[in-house]
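Top to bottom, those sequences are chains A and B.
Note that the first sequence ends on residue 1202 in the numbering used here; no numbers are left out.
Note that the second sequence ends on residue 305 in the numbering used here; no numbers are left out.
Since the hints were derived computationally from the structure, they do not count as laboratory data.
Among the hints, erroneous ones may be present.
Among the chain A residues that face chain B by a calculated CB cut under 7 angstroms, a handful are [as the list claims (entries may be wrong)]:
1. Val823
2. Phe863
3. Ile1185
The beta-carbon is built from N, C-alpha and C at its ideal position, and this holds for glycine as well.
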Amino acid sequence: MNLTRVGRRANVSNVDAEVSDQIIETLARFVDLDVRPNVARYESSDTYPGPMVDQMREFGLFGATIAEEYGGLGLNISTYARVIEELSRGWMSLAGVINSHLIAAQLIARFGTDDQRQRLLPAMATGERRGCFSLSEPDSGSDAAALRCRAARDGDEWTIDGTKQWVTNGEKASIVALLARTGDDISCFLVEKAPGPDGDQGISISRHIDKVGYRGLETVEMAYDGHRLPHHNLLGGDEGFGQGFRWALAALELGRINVAARAVGVAQAAMDEALSYAQQRETFGRPIAQHQGIAFKLADMATKLHASRLMVRDAARRVDNGERADMEAGMAKLFASETAAELALDAMRIHGGNGFTTEYPVERLYRDAPLMIIGEGTSEIQKLVISRALLARAKPAE
Amino acid sequence: MKVAVCVKQIPDPAVPGELDPSTNTLNRDDKLILDESDSFGVELALQLVEAAGGGSVTLVSMAPRSEVSGLRTALAMGADDAVLVSDDALAGTDALGTAKVLGAALGRVEPDLILAGVESSDGYTGTVPEQIAGVMGIASVTFAKKIEASDGMLSIQRQTDDGYDEVTCPMPALVSVTGGVVEPRYPSFKGIMAAKKKPVDQVGIADLGIDASAVGFAGSRQETVAVVDAEAREAGEIVIDEGEGFQRIADFLAELKVI
Ligand SMILES: Cc1cc2nc3c(=O)[nH]c(=O)nc-3n(C[C@H](O)[C@H](O)[C@H](O)COP(=O)(O)OP(=O)(O)OC[C@H]3O[C@@H](n4cnc5c(N)ncnc54)[C@H](O)[C@@H]3O)c2cc1C
Ligand SMILES: Cc1cc2nc3c(=O)[nH]c(=O)nc-3n(C[C@H](O)[C@H](O)[C@H](O)COP(=O)(O)OP(=O)(O)OC[C@H]3O[C@@H](n4cnc5c(N)ncnc54)[C@H](O)[C@@H]3O)c2cc1C
């Protein structure tokens, strides 16, 4: 079998439980000491959290799932999911800073040529070069295969024309994993550009899209007008021609687990806020947690949160074991994201009027949670994935 | 430059502690973690070695049940190796006994400089570092807030109530580090992975040439006879400002002779 075409599995070292626990404990300390006390300031003004991202870089998180041979941490997906959950307990946007970077890195690691891996992965692992992932367009999201951005071959170069929408990290990135039409097929290109708001060589970058939540990091529109790139930037080289869409879907498995894990982190934050407020706020002569209506709500919240977490861990474990996980990752993403939105609203209810102010963190959780329902495939699309896998696995014997 | 740092591994302060009623000592059956008081010493040691352009940081700890969790945290921050003294005979050791054991372990390391916390977070007698210096017969400087090393000499800013003293002393010396004077780095995740493979030399008291009768409950000259709750603070005086509040405050401060 041709290695390039089926893709290499990330060469991940099995991080043992003790190391994994220590990583999460360290991250928890960072989240409690440096993230939670400062998030409101950055978030409300939609300011890029430079110092937090610098510390994430010091931790080595830009190389979280990049193999150690390229200078990454080589975390297994189970540990990676816990990392994302923990970051999101502090601020979901932080998980977004590394998500599309690592999706791009995974595309390169699994499907790239030797030259592409050697040249790009070490700089991505340290965060010196940032990556992003660009599939969606103004008129193609769920129906990603309908994308219109096109690449035309011109000797030893390609020319790119078209408009990409929703490019998270698009401004800071200097490597864009771009999906573009090459005739009837779709291929993936590694666009290299100077980072910054001004665009580069036929690429223009819109102003940041003003988002309800997921603030602090940029999501932009990128227009390509005759951008030229060398043939060796076609992902996978000649072998990569026409493979882009399949590869992108494969890499999105990591993205789906990332988003599901983010949902668990946001739900945990909502749970924590609800628990603490319910024990402090008194009505009718006792803490509201002592009213059965609220106590049972807390019980329901905790139960769903626990179920989400177990589903995400199970999907991650399957990926680590090299088992098929499309359905399980879809289920985890579907359930965890819907749960996060539900818990954010429940936590807001428990806060009463205070929950509806910007003085308490629950309003941010309420604004952040819906992204997980939409990003990396909406809930409806997850149901499509789940039901297809379900039916394929349950095909009646002929 | 070779720096040794005394690090105490203590019960997690976030978990409510329990006393053993028969000995009045803290139960240490759960996992022990790096005492935050010692993270400042570790950070300073790493900075000193970086500034010296080379050298090593060795951790020295005495703890029950071969505990290494706290040592791993400090190794992940960047320390090179560790010596752990763990021995059943050490249960009940008082501060002087601890100093004898640590002094013997440190003697084998032969460091240029030994750092310790001013006081630990659990026992906080604040006496172990100076007793180690006494046992080893080396200079001791307390309450450091800044340390520089050059040509075999240390210049130390020593925190005082109203500023700091400049102190110089020859190496080797033991210096206790005031909490909060530096920002301890987070371990990097590569550091955490590497820490598992860093050497921890575990020794017993026999290896250090210490007799069991000199340490543990047997050798302690100090005994905790009773533990009582601290007295609850009494409510202060509430002054209601009826236009002359500032005068009342000024009078009060004058009475305390602070103004
Ligand atoms: C903040 C943010 C960041 C993003 N970052 C990135 C990024 O970095 N890179 C990137 O490539 N993309 C990114 N996206 C795009 C994201 O993946 C898409 O928005 C998402 O896949 C949905 O596509 P759409 O917006 O076109 O919605 P549509 O596809 O138009 O869907 C609209 C509605 O129709 C439903 N629907 C569509 N098809 C079906 C069907 N067959 N059956 C039932 N219901 C259906 C959907 O579930 C949804 O409810 C980002 C989006 C957001 C909001
Ligand atoms: C009032 C009192 C209460 C006590 N309570 C308990 C108790 O509940 N449970 C119990 O088991 N013992 C208890 N002890 C004994 C005490 O923990 C030990 O004697 C201890 O080693 C003495 O140090 P300290 O914690 O007071 O150190 P301090 O002198 O406050 O510590 C200063 C620095 O010395 C170094 N250091 C101290 N101990 C160690 C060590 N073991 N390894 C490495 N470096 C070290 C560290 O750098 C530390 O920051 C108590 C002692 C007293 C006097």
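Consistency of the hints with the structure:
1. Val823: 6 angstroms, holds
2. Phe863: For phenylalanine 863 of chain A, the interface hint holds, since the closest Cβ of chain B sits about 5 angstroms away, which is under 7 angstroms.
3. Ile1185: 33 angstroms, violated
Against the hints set out earlier in the document, a violation occurs for number 3 only.
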